[in-house]
Amino acid sequence: MAVAKLHYSFTPGTLKVSREDYPKLKDQLYNFLGCSSDPEYYRKKKDYLNIPAHIKEGVEKIFAEFGVTDVSDIWEIKE
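Under numbering that gives the first Met the number 0, the residues of the sequence shown are numbered 0 to 78, in order.
There's no promise every hint is true.
Unchecked claim - When the alpha-carbon atoms are kept at most 25 Å apart in a straight line, the in silico DSS-like pairs for lysine-lysine are as follows:
1) Lys25 / Lys55
2) Lys25 / Lys44
3) Lys60 / Lys15
4) Lys77 / Lys55
5) Lys60 / Lys4
6) Lys45 / Lys4
7) Lys77 / Lys15
8) Lys45 / Lys77
9) Lys23 / Lys44
10) Lys23 / Lys4
11) Lys15 / Lys45
12) Lys4 / Lys44
13) Lys23 / Lys45
14) Lys55 / Lys23
15) Lys25 / Lys77
16) Lys77 / Lys4
17) Lys55 / Lys45
18) Lys45 / Lys25
19) Lys55 / Lys15
20) Lys44 / Lys55
21) Lys15 / Lys44
22) Lys77 / Lys44
23) Lys60 / Lys23
24) Lys60 / Lys45
25) Lys15 / Lys25
26) Lys25 / Lys60
27) Lys60 / Lys44
28) Lys4 / Lys55
Honestly, the hints are just simulated from the structure, not real lab data.
Taking the hints into account, I'd like the entire structure generated from these sequences.
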């Protein structure tokens, strides 16, 4: 049986954060995800394939610091 490919996007979560706080959020996510360029960050923001649980939880913790605690507000998940 093949492993399902799930595509995770945290774009919906970024829309819940104020414009003033977005640069701080982006900086924290950028560093946490180990991004070395803006295109890499935006690719992960839009489509992170089969995200490991520890990374998903880390992203959720960062969003919680900005008042976004409901995971359904953070993620869009597609097959």
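Hint consistency between Lys60 and Lys15 [alpha-carbon to alpha-carbon, up to 25 Å]
holds, 15 Å
25 Å limit on alpha-carbon distance, applied to hinted pair Lys23 and Lys4
Distance of about 31 Å is beyond 25 Å: violated.
Check the hint pairing Lys77 with Lys15 against an upper bound of 25 Å on the C-alpha distance.
holds, 20 Å
Would you mind confirming whether the straight-line C-alpha gap from Lys45 to Lys25 stays at or under 25 Å?
holds, 13 Å
Would you check the hint for Lys77 and Lys55, treating anything up to 25 Å between C-alpha atoms as holding?
holds, 15 Å
Hinted pair Lys15 and Lys45, Cα distance within 25 Å:
Holds, because 15 Å separates the two Cα atoms, which is no more than 25 Å.
Verify the proposed pairing of Lys15 with Lys25, using a straight-line Cα cut of 25 Å.
This hinted pair holds, its Cα atoms lying about 13 Å apart.
Between Lys60 and Lys23, does the CA-CA distance stay at or below 25 Å?
The given pair, whose Cα atoms are some 14 Å apart, holds under the 25 Å limit.
Are Lys60 and Lys45 close enough, with their CA atoms no more than 25 Å apart?
Roughly 18 Å between the alpha carbons, so the hint for Lys60 and Lys45 holds.
Tell me if the straight-line CA distance from Lys45 to Lys77 falls inside 25 Å.
holds, 11 Å
Within 25 Å, alpha carbon to alpha carbon, are Lys60 and Lys44?
Answer holds: Lys60 to Lys44 is near 15 Å, not above 25 Å.
Restraint status (C-alpha distance of Lys60 to Lys4 at most 25 Å)
holds, 24 Å
Hint violations for this structure: number 10 only, all remaining hints satisfied.
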